[in-house]
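Chains as they are written, first to last, in our numbering: chain A, 1 to 107; chain B, 1 to 135; chain C, 1 to 163.
Hints in this document: simulated from the structure, not taken from any laboratory.
All clues given are correct.
Here are the simulated SDA-like cross-link-like pairs (lysine to any residue), alpha carbons at most 20 Å apart as the crow flies:
{"no.": "1", "chain 1": "A", "residue 1": "K47", "chain 2": "A", "residue 2": "D11"}
{"no.": "2", "chain 1": "A", "residue 1": "K47", "chain 2": "C", "residue 2": "A132"}
{"no.": "3", "chain 1": "C", "residue 1": "K137", "chain 2": "A", "residue 2": "V37"}
Distance ranges between label pairs, derived from CB positions:
{"no.": "4", "chain 1": "C", "residue 1": "G97", "chain 2": "A", "residue 2": "P72", "range": "54 to 64 Å"}
{"no.": "5", "chain 1": "B", "residue 1": "P47", "chain 2": "C", "residue 2": "L161", "range": "46 to 56 Å"}
{"no.": "6", "chain 1": "A", "residue 1": "V70", "chain 2": "C", "residue 2": "H20", "range": "43 to 53 Å"}
{"no.": "7", "chain 1": "A", "residue 1": "I66", "chain 2": "C", "residue 2": "R152", "range": "10 to 20 Å"}
{"no.": "8", "chain 1": "A", "residue 1": "K47", "chain 2": "C", "residue 2": "Q151", "range": "15 to 25 Å"}
{"no.": "9", "chain 1": "B", "residue 1": "D106", "chain 2": "C", "residue 2": "I136", "range": "35 to 45 Å"}
{"no.": "10", "chain 1": "B", "residue 1": "Q5", "chain 2": "A", "residue 2": "G95", "range": "33 to 43 Å"}
{"no.": "11", "chain 1": "C", "residue 1": "N117", "chain 2": "A", "residue 2": "V50", "range": "36 to 46 Å"}
{"no.": "12", "chain 1": "C", "residue 1": "D139", "chain 2": "A", "residue 2": "R43", "range": "24 to 34 Å"}
Keep in mind that this is a model prediction, so the values were computed, not measured.
Backbone N, C-alpha and C define an ideal beta-carbon position, used for all residues, glycine too.
If you want the building blocks of each chain, they are given just below.
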Amino acid sequence: MIHSFIALLPDKCTSCMLCVRECPAWCIHLDSHTEEVTDAGARRPKKINVLDSFDIDYSLCMYCGICVDVCPFDALEWDQHRALISDSRADLTLGITQLTSENDSAN
Amino acid sequence: MTRYQLAEHPTIEVEVITAGLACCTLEVEAAATAGLLLPVSGEQISPAPSILVISGTVTDALLPAVLAQIDRFPEARLMSFGACATSGGPYWDSPPVTKGIDQFADVAVYVAGCPPRPDAFVAALLDLAHSGVAP
Amino acid sequence: MTAVMAMESVPVDTWHERVHQVKQRGFGFFDFLTAVDRNSFVEVVVHIVREDLSDSYLISTMLSNENLHIDSIETLFPGAGWHEREVGEMFGVKFEGNDMQKLLRHETLGLPPLRKNIVLSARVVTEWPGAAEPEIKQDGRKVGNPSRRRQRPPGAPESWLQQ
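Same shape as in the complex, but just chain A:
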């Protein structure tokens, strides 16, 4: 296992905020909202969380993997190495698209 990149599987994320709260570097930012959906045959609508944004600030991240460990739905996982190089510090904050697409790097 190469501990080189933390990737997000957004479909598994329930916006439970556990990773954000456990991160010792406070480098994960998550934004979400609740929506009511009615399943076919269900009597009442249920509330689900919808992920709006998920950012990891890789200029702060220490690759400790606590977020990966703590996620109850395995929505975060170790991934293959990506060299994160940028001429701007802000570009080291990666959002959902960059965290999921396989061969994308920060620049």
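Chain A is fixed; fit chains B and C onto it per the hints.
This is chains B and C only, laid out in the frame that chain A set:
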């Protein structure tokens, strides 16, 4: 200051000055010892971009020494190697740690990682070399 | 490491004398000296070991917050000097007889960082991303989530945030 050739891109040469402050420096050195960078000896005719690598934790106590090093090589472009040099990293909440060298000097390239791997160092050198030789 | 460890708490004014006595009883190997912030007082602890490592002594003393002065044991164990300087920097304890030169920290940093009353300002001024909750959406815009209990960032006690 050491002149290196990138092993995978032999036409590219860079002058590297390292300001090694903590553990990230080991990865910078690993890049040289693992054969990703080849030292170039002999007389140099063609100019090569010079790159000052800040790798490791910058503390407020050490900051004047780091800035003096930056002033010594005004032509060198700055690489902020690793989370500590970039933002304080794991020590982001520690009072004596400087939260990013970019508060005091212009950084040409940031390399994320804690630590970044040696190949990320080489990729950053390549990035700087491609963006041209500083005047 | 050692089979038996004797523990003893002594008054501050007999600290040096007691460590000296124990040393003379054959506990000639200095292991460590450190301190613990007990809120209302600071406890200074020294661990010394018999030379054949068969048993050891843990001697502690309590210093009131108003008077963080204690005799240095550097004359008994020269190696204790560094430990005393570190405790001095980290807890603000003054060891009489030790030159108390700064060992690790910068001259300009005032407050001893391992005291519990020192606020880690970065954790107070930085907005904690974990405070956010999934927000309720009304008419296409988010209106917050007032029903949930407010979360507190880890490592930042309530008393810090009130300051």
